[in-house]
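Engineer: Let the hints inform the model, and build the full structure from the sequences given.
Residue numbers (my numbering), protein chains in the order written: chain A, 1245 to 1354; chain B, 4 to 118.
Please keep in mind that the hints were generated in silico from the structure rather than gathered at the bench.
Do not take every clue at face value.
Stated by the list, open to error - Using 20 Å as the maximum straight-line C-alpha spacing, the simulated SDA-like pairs for lysine to any residue come out as follows:
no., chain 1, residue 1, chain 2, residue 2
1, A, Lys1312, B, Gln20
2, B, Lys27, A, Gly1285
3, B, Lys27, A, Gly1286
4, A, Lys1349, B, Thr41
5, A, Lys1299, B, Ala104
6, A, Lys1312, A, Lys1353
7, B, Lys81, B, Ile58
8, B, Lys71, B, Glu47
9, A, Lys1299, A, Ile1263
10, B, Lys27, B, Ile8
11, A, Lys1349, B, Ala91
12, A, Lys1353, A, Ala1320
13, A, Lys1312, A, Pro1354
14, A, Lys1297, B, Glu106
15, A, Lys1349, B, Met43
16, B, Lys71, A, Tyr1340
17, B, Lys27, B, Arg88
18, A, Lys1349, B, Arg44
19, A, Lys1349, B, Ala104
20, B, Lys81, B, Gln40
21, A, Lys1349, B, Met42
22, B, Lys27, B, Leu49
23, A, Lys1349, B, Glu47
24, A, Lys1297, B, Ala104
25, B, Lys27, A, Ser1289
26, B, Lys71, B, Asn55
27, A, Lys1312, A, Ser1295
28, A, Lys1298, B, Ala91
29, A, Lys1353, A, Val1328
30, A, Lys1298, B, Phe108
31, A, Lys1349, B, Gln40
32, A, Lys1349, B, Val92
33, A, Lys1349, A, Leu1290
34, A, Lys1298, B, Asn105
Unchecked claim - If we take Cβ atoms under 7 Å as the criterion, some of the chain B residues that face chain A in the derived model are:
no., residue
35, Leu46
36, Tyr51
37, Gly62
38, Ala104
39, Glu106
40, Gln107
Beta carbons: idealized from backbone N, C-alpha and C, even for Gly.
Below are the chains, spelled out letter by letter.
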Amino acid sequence: KNEVEQSPQNLTAQEGEFITINCSYSVGISALHWLQQHPGGGIVSLFMLSSGKKKHGRLIATINIQEKHSSLHITASHPRDSAVYICAGLLMDSNYQLIWGAGTKLIIKP
Amino acid sequence: DAGVIQSPRHEVTEMGQEVTLRCKPISGHNSLFWYRQTMMRGLELLIYFNNNVPIDDSGMPEDRFSAKMPNASFSTLKIQPSEPRDSAVYFCASSLGGGAANEQFFGPGTRLTVL
Chain A
1245 KNEVEQSPQN
1255 LTAQEGEFIT
1265 INCSYSVGIS
1275 ALHWLQQHPG
1285 GGIVSLFMLS
1295 SGKKKHGRLI
1305 ATINIQEKHS
1315 SLHITASHPR
1325 DSAVYICAGL
1335 LMDSNYQLIW
1345 GAGTKLIIKP
Chain B
4 DAGVIQSPRH
14 EVTEMGQEVT
24 LRCKPISGHN
34 SLFWYRQTMM
44 RGLELLIYFN
54 NNVPIDDSGM
64 PEDRFSAKMP
74 NASFSTLKIQ
84 PSEPRDSAVY
94 FCASSLGGGA
104 ANEQFFGPGT
114 RLTVL
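Structural biologist: Okay, here's the thing in C-alpha cells:
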C-alpha cells in the first residue's frame, strides 16, 4: 500500500463544475504540498499547508493533519485547469523528505 | 527572476555515454533538489543540497550517478555510463530556507532518452 493515496486517479468534468481531489496518507507528516503539472511537463507549487484551509483564486486546499487527509478543490473549473495534480507530504522529523502521491489527471471539457 | 534554469531541455544519447544535466537555482535560494520522474515510479528525490552541501544522496540509484554543487548558483547531475533505464525526466528545484518546508520552485526539467 502506498504511503500517499490520491483519488481519483483520473477525472473528467465539464467546464464550470466543482472539482475535488483527495489525498490521504498513512504516515506522520508535518505539512503537505499541492502541485500542478502542466501537460507540457512543468511543475508549479500551488499550496503548502499544515492546518486549516488556504485559498488562491479558484483553488482551495484543506487539510486535517490528525485525520491524515487533504483535499484540493477547484471552483468554476475551466479547460485551462486541465493538468495533473500531485500531493506530497513532508515527513515528520524531516525538513526535506517528501512522500509523493501518484497524481490525479484532470481533464476539463469545454 | 528567470526562475530555475535547467539545460539541456532534451537529451538523447546512446547507452554507455556520459550525460551531464545542469541546473541554476533561483538567486538567493539555499536549498536545491534533484528529482527524477518516470511513469512507473512518479517523482523521486535523488539528492538534496543545503548551502551547497549534499545533505542526503540516498536516492541516487547507484554509483553511476553523481551530483555536485560547486557554488550557490550552479549544480550538475552526471550519469556515467548511461543506461536505457535512466530514461526519465529530471527536475531540479530550489527553495528558500531549509529543505521542503517552504515552497519549491521547479525548473522545466530535462527529458533524457538513453537508446
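Engineer: Indicate, hint by hint, whether the structure satisfies it.
Structural biologist: Evaluated hints:
1. A/Lys1312 with B/Gln20: Distance of about 45 Å is beyond 20 Å: violated.
2. B/Lys27 with A/Gly1285: 18 Å, holds
3. B/Lys27 with A/Gly1286: 16 Å, holds
4. A/Lys1349 with B/Thr41: Holds, because 15 Å separates the two Cα atoms, which is no more than 20 Å.
5. A/Lys1299 with B/Ala104: Satisfied, since the Cα-Cα distance of roughly 19 Å is no more than 20 Å.
6. A/Lys1312 with A/Lys1353: This hinted pair is violated, its Cα atoms lying about 31 Å apart.
7. B/Lys81 with B/Ile58: 18 Å, holds
8. B/Lys71 with B/Glu47: 18 Å, holds
9. A/Lys1299 with A/Ile1263: 14 Å, holds
10. B/Lys27 with B/Ile8: 5 Å, holds
11. A/Lys1349 with B/Ala91: 19 Å, holds
12. A/Lys1353 with A/Ala1320: 12 Å, holds
13. A/Lys1312 with A/Pro1354: 34 Å, violated
14. A/Lys1297 with B/Glu106: Distance of about 16 Å is within 20 Å: holds.
15. A/Lys1349 with B/Met43: Since the Cα atoms of A/Lys1349 and B/Met43 sit roughly 15 Å apart, the hinted pair holds (cutoff 20 Å).
16. B/Lys71 with A/Tyr1340: Given pair B/Lys71, A/Tyr1340 holds - Cα atoms ~18 Å apart, limit 20 Å.
17. B/Lys27 with B/Arg88: 26 Å, violated
18. A/Lys1349 with B/Arg44: With Cα atoms ~16 Å apart, A/Lys1349 and B/Arg44 stay inside 20 Å; holds.
19. A/Lys1349 with B/Ala104: Violated. A/Lys1349 to B/Ala104 sits at ~25 Å, over the 20 Å cutoff.
20. B/Lys81 with B/Gln40: 16 Å, holds
21. A/Lys1349 with B/Met42: 13 Å, holds
22. B/Lys27 with B/Leu49: 17 Å, holds
23. A/Lys1349 with B/Glu47: 19 Å, holds
24. A/Lys1297 with B/Ala104: 17 Å, holds
25. B/Lys27 with A/Ser1289: 18 Å, holds
26. B/Lys71 with B/Asn55: 8 Å, holds
27. A/Lys1312 with A/Ser1295: Distance ~11 Å between A/Lys1312 and A/Ser1295 Cα, so the pair holds.
28. A/Lys1298 with B/Ala91: 33 Å, violated
29. A/Lys1353 with A/Val1328: 15 Å, holds
30. A/Lys1298 with B/Phe108: 19 Å, holds
31. A/Lys1349 with B/Gln40: Holds, at about 15 Å.
32. A/Lys1349 with B/Val92: 18 Å, holds
33. A/Lys1349 with A/Leu1290: 16 Å, holds
34. A/Lys1298 with B/Asn105: 15 Å, holds
35. Leu46: B/Leu46 check passes; min Cβ-Cβ to chain A is 5 Å, inside 7 Å.
36. Tyr51: Check passed: Cβ of B/Tyr51 comes within 5 Å of chain A, closer than 7 Å.
37. Gly62: 9 Å, violated
38. Ala104: Where the cut-off is 7 Å and the nearest Cβ of chain A is about 5 Å from B/Ala104, the hint holds.
39. Glu106: At 5 Å from the nearest chain A Cβ, B/Glu106 passes the 7 Å test, so the hint holds.
40. Gln107: 6 Å, holds
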